[in-house]
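Student: Sequence:
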Amino acid sequence: MTHEPLHGKTGFDDWRSVTMAVFMALVGYSVMVGIPVISTAWVTQLGFSEVQVGRVAGADLGGLSAGSVLASLVMGKVNRRMLVLLGAAIAIAANAGCMVFQQYEQVLWLRVLAGIGNGVVTAVAVATLGATYKPARAFNILLFAFAFSQFAEIRYLPYLSMNGIYLAFIVALVPAVVLVRWIPAYPIGHERAAAPPPESILTESRSAFPDVPKYVPWLCLFGIFATYINIGAYWTYIELASLDSGVDAKWTGDVLAGASFLSIVGCLFATVLSNRFGLARPLFGALMTMAIIVGMLANGVTDMKLLVSAFMFNFLWIFIDVYQMSSVANVDRTGAFASLMPGAQGLGQIVGPNLAASILGLQLGYRGVFIMCSSAAILGLVIYLVLYSRLKKINPEVADAP
1 MTHEPLHGKT GFDDWRSVTM AVFMALVGYS VMVGIPVIST AWVTQLGFSE
51 VQVGRVAGAD LGGLSAGSVL ASLVMGKVNR RMLVLLGAAI AIAANAGCMV
101 FQQYEQVLWL RVLAGIGNGV VTAVAVATLG ATYKPARAFN ILLFAFAFSQ
151 FAEIRYLPYL SMNGIYLAFI VALVPAVVLV RWIPAYPIGH ERAAAPPPES
201 ILTESRSAFP DVPKYVPWLC LFGIFATYIN IGAYWTYIEL ASLDSGVDAK
251 WTGDVLAGAS FLSIVGCLFA TVLSNRFGLA RPLFGALMTM AIIVGMLANG
301 VTDMKLLVSA FMFNFLWIFI DVYQMSSVAN VDRTGAFASL MPGAQGLGQI
351 VGPNLAASIL GLQLGYRGVF IMCSSAAILG LVIYLVLYSR LKKINPEVAD
401 AP
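Note that the numbering used here gives residue 129 to position 129 of the sequence shown, counting from 1, and the numbers run on in steps of one.
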């Protein structure tokens, strides 16, 4: 980061607040992270078709988007702890319902509700991290923890029954309910917030780049949406596509679990590169490489192709997210857009799996799915190229900020 926010450290920077926000975000993103394993379980244990899996996954992750957007609309006015409790209650009830009702139509709507609950929890978590003294660093901590969470889910969820997976999601929400007081109840400057900052600070923009147009954070969110169309479709269907191509199930599981470690490497590597070259240029290279490694599966999945694609995908997924989240933190220091990031991610993840399901429904096969994934990554690249060219003219400092 090349700048500091105008306010000093607040309750949002307390280690308990940061720890709980990171934990809540991991819980909120748990379905997104474990979707390859969950998708396979829906097929093998509940008998859903590949098209139905795309619809259910899209419903769950679309609910995440809806819940985060709804939470962002009221987050500045209501007690955030109450939002966490409400979101957790909805998610717990929906997951419990899935343990009882297991028909496709029933599960579809219950996953929408579970996603909404998780979206509310995630929005509060991400907004809390966005309000810290150094939000880019907070997001790096989140993504580093995200990589370990991803490995744990891909490695251990296959050993659980379908109801066991739902129960794991319920249990994971319990600490958020019990320790909800660790989350600041109100945003900085709210009349009921503890130790509000001076009035002079409240009336100032928290952005170190006040000449950045308001559309820039929205363009960042649109870039996140586009990249998550690819991520949502690829991550939902990669295991099913591998099995469909005759790749050994154990090899597939081992590759996906091992690939999770590349997320950790990607997070560290992205931080090192951004400090030297800024955010934009490494992001361009990462998105182009992402388009190539998902597109290479269009001609079929083999053992070696799966290894290369899955490892590079996990490396680049977190690598790209470091830049996307940090870019939002750079151009908007109010934290208002931070709470919308799960919404952009979730929206991409409802569009991606549903587009993939429609492609499979049209009998275009996984070739069509991976071509679509590659095209979405290229769309994200185009959006960020446009954003970079605009920022370069408006404010070169923020365009090349680390």
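The set of hints was computed from the structure by calculation and includes no laboratory data.
If you're wondering where the values come from, they're calculated on a predicted model, not measured in any experiment.
The C-beta atom is built at its ideal place from N, Cα and C for all residues, glycine as well.
Be a bit skeptical, because a hint or two may be false.
Said to hold, decoys possible - Label pairs and their computed distance ranges (CB to CB):
id	residue 1	residue 2	range
1	G361	L167	42 to 50 angstroms
2	W15	D248	20 to 28 angstroms
3	I394	G164	47 to 55 angstroms
4	V265	G300	26 to 34 angstroms
5	S161	V265	27 to 35 angstroms
6	G246	R16	46 to 54 angstroms
7	V78	P175	19 to 27 angstroms
8	K250	F277	34 to 42 angstroms
Student: Using the beta carbons of G246 and R16, state whether their distance is inside 46 to 54 angstroms or not.
Tutor: 50 angstroms, holds
Student: Holds or violated: 20 to 28 angstroms for the Cβ distance of W15 and D248?
Tutor: 44 angstroms, violated
Student: For S161 and V265, compare the CB-CB distance with the range 27 to 35 angstroms and indicate the outcome.
Tutor: 32 angstroms, holds
Student: Taking the beta carbons of V78 and P175, is their distance inside 19 to 27 angstroms?
Tutor: 22 angstroms, holds
Student: For the hint 34 to 42 angstroms, verify it against the beta carbon of K250 and that of F277.
Tutor: 40 angstroms, holds
Student: Range first: 47 to 55 angstroms. Now tell me if the beta carbons of I394 and G164 are that far apart.
Tutor: Holds, at about 52 angstroms.
Student: Given the hint of 26 to 34 angstroms, is the C-beta distance from V265 to G300 inside that range or not?
Tutor: Hint holds: Cβ distance 27 angstroms, inside 26 to 34 angstroms.
Student: Can you let me know if the beta-carbon spacing of G361 and L167 is within 42 to 50 angstroms?
Tutor: Because 32 angstroms falls outside the window, the suggested range is violated.
Checked against the numbered hints given earlier, the structure breaks hints 1 and 2 and satisfies all the rest.
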